[in-house]
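2 protein chains.
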Amino acid sequence: LKYASILSIGSEILDGRVQDSNAQYLCELLKENSISVKNIISCDDNLEEIIEAIEFAKKSIDYLIVSGGLGPTTDDLTREAIAKYCKVELELDNESLEKIKEIFRKRNRPFIECNQLQAMFPKGSQVIENSNGTAPGFHISSDTKLQIFCLPGVPSELKPMFESYVLPIIVKENTNQSKIQKIAFKIFGLPESLINEKVTALQLPSNIKISYRAKFPEIHLKLESSDIPLNDIAESIQLAIGTQNIFSHDLKETLESCAFKLLQKNNISISGTESCTGGMISTLLTSLPGISKNFIGCLIAYSNKIKNLNLGVTEETLYTHGAVSAETAKEMAINARHYFNSDIAYSVTGVAGPDGGTSEKPVGLFYIGFSDKDCAYSIKFFLPSDRERIRRYASYMTLDVIRRYLLGVVQHTDAKMN
Amino acid sequence: LKYASILSIGSEILDGRVQDSNAQYLCELLKENSISVKNIISCDDNLEEIIEAIEFAKKSIDYLIVSGGLGPTTDDLTREAIAKYCKVELELDNESLEKIKEIFRKRNRPFIECNQLQAMFPKGSQVIENSNGTAPGFHISSDTKLQIFCLPGVPSELKPMFESYVLPIIVKENTNQSKIQKIAFKIFGLPESLINEKVTALQLPSNIKISYRAKFPEIHLKLESSDIPLNDIAESIQLAIGTQNIFSHDLKETLESCAFKLLQKNNISISGTESCTGGMISTLLTSLPGISKNFIGCLIAYSNKIKNLNLGVTEETLYTHGAVSAETAKEMAINARHYFNSDIAYSVTGVAGPDGGTSEKPVGLFYIGFSDKDCAYSIKFFLPSDRERIRRYASYMTLDVIRRYLLGVVQHTDAKMN
Numbered sequence: 002l003k004y005a006s007i008l009s010i011g012s013e014i015l016d017g018r019v020q021d022s023n024a025q026y027l028c029e030l031l032k033e034n035s036i037s038v039k040n041i042i043s044c045d046d047n048l049e050e051i052i053e054a055i056e057f058a059k060k061s062i063d064y065l066i067v068s069g070g071l072g073p074t075t076d077d078l079t080r081e082a083i084a085k086y087c088k089v090e091l092e093l094d095n096e097s098l099e100k101i102k103e104i105f106r107k108r109n110r111p112f113i114e115c116n117q118l119q120a121m122f123p124k125g126s127q128v129i130e131n132s133n134g135t136a137p138g139f140h141i142s143s144d145t146k147l148q149i150f151c152l153p154g155v156p157s158e159l160k161p162m163f164e165s166y167v168l169p170i171i172v173k174e175n176t177n178q179s180k181i182q183k184i185a186f187k188i189f190g191l192p193e194s195l196i197n198e199k200v201t202a203l204q205l206p207s208n209i210k211i212s213y214r215a216k217f218p219e220i221h222l223k224l225e226s227s228d229i230p231l232n233d234i235a236e237s238i239q240l241a242i243g244t245q246n247i248f249s250h251d252l253k254e255t256l257e258s259c260a261f262k263l264l265q266k267n268n269i270s271i272s273g274t275e276s277c278t279g280g281m282i283s284t285l286l287t288s289l290p291g292i293s294k295n296f297i298g299c300l301i302a303y304s305n306k307i308k309n310l311n312l313g314v315t316e317e318t319l320y321t322h323g324a325v326s327a328e329t330a331k332e333m334a335i336n337a338r339h340y341f342n343s344d345i346a347y348s349v350t351g352v353a354g355p356d357g358g359t360s361e362k363p364v365g366l367f368y369i370g371f372s373d374k375d376c377a378y379s380i381k382f383f384l385p386s387d388r389e390r391i392r393r394y395a396s397y398m399t400l401d402v403i404r405r406y407l408l409g410v411v412q413h414t415d416a417k418m419n
Numbered sequence: 002l003k004y005a006s007i008l009s010i011g012s013e014i015l016d017g018r019v020q021d022s023n024a025q026y027l028c029e030l031l032k033e034n035s036i037s038v039k040n041i042i043s044c045d046d047n048l049e050e051i052i053e054a055i056e057f058a059k060k061s062i063d064y065l066i067v068s069g070g071l072g073p074t075t076d077d078l079t080r081e082a083i084a085k086y087c088k089v090e091l092e093l094d095n096e097s098l099e100k101i102k103e104i105f106r107k108r109n110r111p112f113i114e115c116n117q118l119q120a121m122f123p124k125g126s127q128v129i130e131n132s133n134g135t136a137p138g139f140h141i142s143s144d145t146k147l148q149i150f151c152l153p154g155v156p157s158e159l160k161p162m163f164e165s166y167v168l169p170i171i172v173k174e175n176t177n178q179s180k181i182q183k184i185a186f187k188i189f190g191l192p193e194s195l196i197n198e199k200v201t202a203l204q205l206p207s208n209i210k211i212s213y214r215a216k217f218p219e220i221h222l223k224l225e226s227s228d229i230p231l232n233d234i235a236e237s238i239q240l241a242i243g244t245q246n247i248f249s250h251d252l253k254e255t256l257e258s259c260a261f262k263l264l265q266k267n268n269i270s271i272s273g274t275e276s277c278t279g280g281m282i283s284t285l286l287t288s289l290p291g292i293s294k295n296f297i298g299c300l301i302a303y304s305n306k307i308k309n310l311n312l313g314v315t316e317e318t319l320y321t322h323g324a325v326s327a328e329t330a331k332e333m334a335i336n337a338r339h340y341f342n343s344d345i346a347y348s349v350t351g352v353a354g355p356d357g358g359t360s361e362k363p364v365g366l367f368y369i370g371f372s373d374k375d376c377a378y379s380i381k382f383f384l385p386s387d388r389e390r391i392r393r394y395a396s397y398m399t400l401d402v403i404r405r406y407l408l409g410v411v412q413h414t415d416a417k418m419n
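As you go down the protein sequences, you meet chains Z and Y in turn. Counting from 1, position 324 in the first sequence corresponds to residue 325 in our numbering; the numbering is continuous, with no gaps. Counting from 1, position 39 in the second sequence corresponds to residue 40 in our numbering; the numbering is continuous, with no gaps.
Worth flagging that the hints you see were computed from the coordinates, not collected in a lab. Treat each hint with caution, since some may be false.
Copies of the same chain look alike in the list, so a pair counts if it fits in one copy or across any two.
[Claimed, not checked] In silico DMTMM-like pairs for lysine to aspartate or glutamate, Cα to Cα no more than 20 angstroms straight-line:
no., residue 1, residue 2
1, LYS60, ASP373
2, LYS262, ASP76
3, LYS223, ASP233
4, LYS381, ASP233
5, LYS199, ASP387
6, LYS102, GLU130
7, LYS374, GLU328
8, LYS102, ASP356
9, LYS216, GLU328
10, LYS3, GLU13
11, LYS294, GLU361
12, LYS223, GLU29
13, LYS88, GLU53
14, LYS102, GLU328
15, LYS60, GLU49
16, LYS59, GLU49
17, LYS60, GLU50
18, LYS223, ASP16
19, LYS85, GLU29
20, LYS374, GLU114
Chain Z with its partners taken away, still in its complex shape (with noise of 0.2 angstroms):
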């Protein structure tokens, strides 16, 4: 079994203005390759402080995973303190120097001098490639037969470089454990403890480990064992759960992204309006590359004024039903379908608060509407919550009424139709 220590650098973390997303997500990866993690240590940018903490740990472990001071300016202490424990100098690698010169060039901007600290890297040293910043990345070896991966801090410039240099590395030097086997499953739509109950019941063997994350509005179900067979206990859960609310296996797929599927498989245009998500949906969209060819549109119709004039939403349903309403939602989703002539329309209008609610209409209500060429309808939601996670569960919920109704599946059974 091989050890690994994490040590994260930077007065952001210890002060409290940042928190450090990376160890966990390196924990999980090393974890997921058998590598046990042994300490997480957070220190300042400071020469000595992280010094010390290095010899402390570097106890027993194989790796140590280094994040954050990699950046060019004077707080940036990482690179010497690493040279200083291993006793080299730093030194210039021109390549690297040139590629940063290279992104200055591109972005139109002048290079300035102190850059340059992004190029310097301790004598012996691989440099880690970072496409997605100006700060590479190293890899060294103390004379402990310890190695040392530092990368910069910013998560989605250590993510692409933990995964595409560090981890093939370490799985390389671990292929003899034994695999672990794993299903994951992502949810939609049923609550962590009703999910737990029914698994409950099933009585899985006790060297099965189940382990559930929630993250909101998505509850994750993780099985790991090294023994048993999963497949005919996954399809038990699967049964027990229910197929509907599982949208996905892979825990790197989202929702959007399985809506989007089922799009393109069945060639289908798609457009939608949005009241109290205020655009949350259509940004989930076209997050996605490629999405153009079936996204066509989306009216961000905040007011009355624009649900009416620019929607064509009548002025009798607005007055009798009111903004927030089944009637509302169902004739936006109409409007849309046609205001973009596309195959299907999405439209939400809601409570999202803080202000704004009555004893008839609370914060957190809302109706998802949705219109494909033979009929439209809506659903009423409740969520009381705070207003993001309102427009947050708002935002997914349209997006799983677009997948179930591509699938052909029942829609949510704890809503009413209208």
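Following the hints, put chain Y in place on chain Z, whose structure we already have.
Here is chain Y on its own, set in the frame of chain Z:
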């Protein structure tokens, strides 16, 4: 000045199952009360490893905050480790035992023997009451004057215990401390390296702590000093960086809320039309409660057909200059303003990639359009990056274009006006 370290105990942190959110919370509150955190350390529920971690952490600190490992099971070893470290025995606290038994009675659950463990404390410690769970915490001073506070790992139990017991003690012991002065700058529109160069050129006194944080696409700069007044220095920094590039001194304020405040103050209504950002700007704006008084709506004109038929960008403009062009961006903004009948309007059109780029219009090229009743213009930007960052950058840049317009300050100097 007093120092603290944080020790988070538990295998669920090291195997990536949970994010150690307690550490950030504790750091933030300690910092606010002028206590600097030296280290955050996570280790497993293992007697020797806990003691080794304390030995490492205790150097030159006054307070050690320990979280986790106070549960009733055999793998909860924090009590034992602290007793061993302080060279004292564990002893039963009858009052705590009665309280734990009372909780079980109230929950209608049988009291299981192992729960008695939770009423055992290192001799000489002060019990810290837990109103939200069964595990009390404790407070003990080691012979080296180090004060150790042990709290449960569950955030909803740790937080009230920290605030009602630990914090008052720390605050009381530090009332004579001179308060650390802080000034923060939230900067948008300049790269980190250029800011660093400008700040370095000011040759500030070395006892002012300068820290940078890149939170794409913003840069946060912080000055701290315990002796030198920061007002004059802040002014010179402002001059060096350019006041218009600093959108706030409050680290919690966002670019969208800055823009919103200016819209409110000037009683101006806004609308927009988005292509490559797909609704992200409108999602950011509508995240703010009360924005419905100023934000009218937005048309996500993702396809050329919608830009032409629904928004009224002429076929000639789209055909001659292309959908991603200064001319289209400008016409989009003008037409959005008319379509939504708002005081001002913004537009964005660009190539977010990863496909669809050409040598003339590469991935990362985007135009922001702007229009009020008197004039309209568009600005060209280029960020060769991935889809997510391009969309994010374009969205924040649009918010900044709005902010600068409302402030009446110059637009981005590195962008070409059309």
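Status of each hint after checking the structure:
| no. | hint | in the structure |
| --- | --- | --- |
| 1 | LYS60 x ASP373 | neither (61 angstroms within a copy, 64 angstroms between copies) |
| 2 | LYS262 x ASP76 | neither (46 angstroms within a copy, 34 angstroms between copies) |
| 3 | LYS223 x ASP233 | within (15 angstroms within a copy, 56 angstroms between copies) |
| 4 | LYS381 x ASP233 | neither (36 angstroms within a copy, 57 angstroms between copies) |
| 5 | LYS199 x ASP387 | neither (29 angstroms within a copy, 41 angstroms between copies) |
| 6 | LYS102 x GLU130 | within (14 angstroms within a copy, 58 angstroms between copies) |
| 7 | LYS374 x GLU328 | within (18 angstroms within a copy, 36 angstroms between copies) |
| 8 | LYS102 x ASP356 | neither (50 angstroms within a copy, 25 angstroms between copies) |
| 9 | LYS216 x GLU328 | neither (32 angstroms within a copy, 43 angstroms between copies) |
| 10 | LYS3 x GLU13 | between (30 angstroms within a copy, 18 angstroms between copies) |
| 11 | LYS294 x GLU361 | neither (41 angstroms within a copy, 23 angstroms between copies) |
| 12 | LYS223 x GLU29 | within (13 angstroms within a copy, 32 angstroms between copies) |
| 13 | LYS88 x GLU53 | within (14 angstroms within a copy, 26 angstroms between copies) |
| 14 | LYS102 x GLU328 | neither (58 angstroms within a copy, 32 angstroms between copies) |
| 15 | LYS60 x GLU49 | both (18 angstroms within a copy, 13 angstroms between copies) |
| 16 | LYS59 x GLU49 | both (15 angstroms within a copy, 16 angstroms between copies) |
| 17 | LYS60 x GLU50 | both (16 angstroms within a copy, 11 angstroms between copies) |
| 18 | LYS223 x ASP16 | between (33 angstroms within a copy, 11 angstroms between copies) |
| 19 | LYS85 x GLU29 | neither (30 angstroms within a copy, 31 angstroms between copies) |
| 20 | LYS374 x GLU114 | neither (62 angstroms within a copy, 44 angstroms between copies) |
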